[in-house]
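Number of protein chains: 2
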Amino acid sequence: MSDFSHIVTPACLIDKAKLAHNAKRLQTVCEAQNIKLRAHVKTLKSVEAAALYAPLPSPITVSTLAEARYFAEAGYKDILYAVGLTPNKYEAVNGLMERGVDITVIIDSLAAAESLTSHSRRFIGPLNVLVEIDVDNHRAGIAADSEQLLKIVTQLNTDNNIVFRGVMTHAGASYGCFKNADRVSMAKQECAGVMAAAAILGQAGIECHTISVGSTPTALAGCEHFGATEIRAGVYATFDLVMADLGVCQRQDIALTVLTSVIGLQHDKNRVIVDAGWMALSRDKGNNLHGYGLVADREGNVLDGWYVSQTNQEHGIIRHKEGKPIPADKFAYGSLLRILPNHACATAGQFRHYQVTEDNCTVSETWKSADGW
Amino acid sequence: MSDFSHIVTPACLIDKAKLAHNAKRLQTVCEAQNIKLRAHVKTLKSVEAAALYAPLPSPITVSTLAEARYFAEAGYKDILYAVGLTPNKYEAVNGLMERGVDITVIIDSLAAAESLTSHSRRFIGPLNVLVEIDVDNHRAGIAADSEQLLKIVTQLNTDNNIVFRGVMTHAGASYGCFKNADRVSMAKQECAGVMAAAAILGQAGIECHTISVGSTPTALAGCEHFGATEIRAGVYATFDLVMADLGVCQRQDIALTVLTSVIGLQHDKNRVIVDAGWMALSRDKGNNLHGYGLVADREGNVLDGWYVSQTNQEHGIIRHKEGKPIPADKFAYGSLLRILPNHACATAGQFRHYQVTEDNCTVSETWKSADGW
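Note that the protein sequences, when read in sequence, are chains Y and U.
Just so we're on the same page, the working numbering is the position in the first sequence counted from 1, plus 13.
Just so we're on the same page, the working numbering is the position in the second sequence counted from 1, plus 13.
Derived from the structure by calculation, the hints contain no laboratory data.
None of the values given here were measured: they were computed from a predicted structure.
Any given hint could turn out to be false.
Copies of one chain are not kept apart here, so a pair can be met inside one copy or by any two copies together.
[To be verified] Derived DSS-like pairs: lysine-lysine, alpha-carbon spacing no greater than 30 Å straight-line:
(1) K337 / K201
(2) K164 / K337
(3) K282 / K298
(4) K381 / K298
(5) K49 / K343
(6) K90 / K334
(7) K37 / K164
(8) K282 / K192
(9) K164 / K298
(10) K334 / K298
(11) K282 / K29
(12) K381 / K192
(13) K90 / K343
(14) K164 / K192
(15) K164 / K282
(16) K201 / K334
(17) K164 / K29
(18) K343 / K298
(19) K90 / K298
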């Protein structure tokens, strides 16, 4: 146990109690609706963190095969790799199967299905595949009513070493839903989209064992997720300013902050310089409401109106949104501040270690995270 | 030696010939003007890369003490840590001195000077200090004519274990100079600012052994750097779209690209989905001219008008700037593309390994990089 005096800044702090509280919130939703929770571990990429929100033997979702290997090493067996698979990753996928991982991959085109079936001998066991459905026009996937859907699944089913398991989607457009009513609508649209795809396949005699949906705003919209067999979400465990701005959480729920030191004061320009630049905070500006993040004191109390207005690689410039002068008591040279992140996934991704606090200002553990691809 | 067939995407490619060519350009400038080149190693943070642009026993500049430790391990002795020092880093600085590193740190306030002198017993040997001068109102430092300057240096000189070495500045405002004439003006302003500070100190009988300037646009402006004893610059070794847009380099000089695979095609929306999102490309939008980067084919030929318009964590969405339909031949499922980065420092910072090409599409080496703080 140590206070912050031996922490070199910038450092990524995780509030363990808040993480556990946030984890419980989505667990409760999934338990109440009897839906499997397949947490996305991409935000913190840490086995120790996952122990709180996806304890073994939970199924998990990963965004890279490096994450899959790291979590497999820790004993996770049921892993969904939720980025469209390409042939140059077949070897890595097979490597996971050889380690005993029950991996599931996703595709969204006939070309990808044909590639998989023509290379199926490269996989030691049957490879689970989901087809990605686009429910909100925000990224990947095919429309539920696309004639491609049946062609893809038919192609997959020509091969005994490829197992079509069902459909999945990510309602990323929910990040633009600032009212809960809109998030409820989006959650319904999300489920309706994958259910429509499953119904079309059902008419062709093809069953979807898995109907997977997910995004933190829809998962926590407080509505039924009708038809879904599993929910994927990630940032709900830490939350961030984007989620707080939407109203999905309160600012005090945010479990991740960046600890930084004041390295300089420019009273004539009303600017405070800190040692957290974009290398620590990331360059994610979220909804462009808070620069590169909001400023809190070392205990985590938000200092109203103070935000990181600019960043360089290892410098952050703090200003007040109304240009107020720097109060002498809060920003002394060498003093510690915390920055609330716009986007926890991006900020956490800049660190390979997290300093874990149990008693707000007492670091109790250091967690490592996975890295790379 | 291997071609790209065994590279898992996304991957960071470094073109060794271009890196060497760019390195030589600034070396030639510094040699012609008889100014020491203290290259900033923050862009690639790689000893193997530095062997091309800052071969041992070159002096170097670092942006973190983790970089300093990593380069010290490789034999670098003369290291400038170019971010304002705070007390929670004294122990790490002393650790470097104990390893035999001749480290120099920077400060810009009397509070920082008083902190250093009151803790000087924590350093095993004399600690070299530069005072940061602000020449362009863009970040840290004090004005050359600030009455603080003499107070800071006088305070430093009260302590035998602290050695005032001189002044330094970073002309970051040069990143906004789109005409070479403006970069020449900025280079003159940069040198004039630190020379003015040195002159004020000289009048008080205090000599500046080091007068350090630096930024890639001013360093390569093609003018004399009058009075400077050393030049610091970093991104000149790889360059990027920001530098090309300024006119500091040509696009074909850019030595760093991100190799990515096409994971999906959406012909109805004129969108190509690739496996390089903001985790690989960074969220740096540079001058907001090219989204998250320009698209080139696997050989590195820019595909005119195609750019990364959106990113998620592990997805990039490529569009044509005029909304052109996707040509069938260039973006087939699984094919490789390269993304030219807006800001090489930010993009390189997302990777811990670089795939080094000597023959454009042949990977000859893998380089590691330093990480963290």
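Okay, the hints, checked on the actual structure:
1. K337 / K201: Neither way: K337 and K201 sit 45 Å apart in one copy and 33 Å across, limit 30 Å.
2. K164 / K337: Between copies, since 27 Å is at most 30 Å while 62 Å is not.
3. K282 / K298: both (23 Å within a copy, 26 Å between copies)
4. K381 / K298: Answer is both: 25 Å inside a copy and 29 Å across each meet the 30 Å cutoff.
5. K49 / K343: For K49 and K343, the Cα distance exceeds 30 Å both inside one copy (46 Å) and across copies (40 Å).
6. K90 / K334: Intra 48 Å, inter 43 Å, cutoff 30 Å: neither.
7. K37 / K164: So K37 and K164 fail the 30 Å test inside a copy (40 Å) and across (55 Å) alike.
8. K282 / K192: between (38 Å within a copy, 28 Å between copies)
9. K164 / K298: Neither way: K164 and K298 sit 40 Å apart in one copy and 39 Å across, limit 30 Å.
10. K334 / K298: Both. Shortest intra-copy (15 Å) and inter-copy (23 Å) distances satisfy the 30 Å Cα cut-off.
11. K282 / K29: neither (37 Å within a copy, 43 Å between copies)
12. K381 / K192: This pair counts as neither: shortest intra-copy Cα distance 36 Å, inter-copy 46 Å.
13. K90 / K343: Cα proximity of K90 and K343: none, with 48 Å in one copy and 37 Å across.
14. K164 / K192: Classified as neither; 38 Å inside a copy, 55 Å across copies.
15. K164 / K282: between (63 Å within a copy, 20 Å between copies)
16. K201 / K334: neither (38 Å within a copy, 34 Å between copies)
17. K164 / K29: Neither way: K164 and K29 sit 47 Å apart in one copy and 45 Å across, limit 30 Å.
18. K343 / K298: within (25 Å within a copy, 32 Å between copies)
19. K90 / K298: Classified as neither; 35 Å inside a copy, 38 Å across copies.
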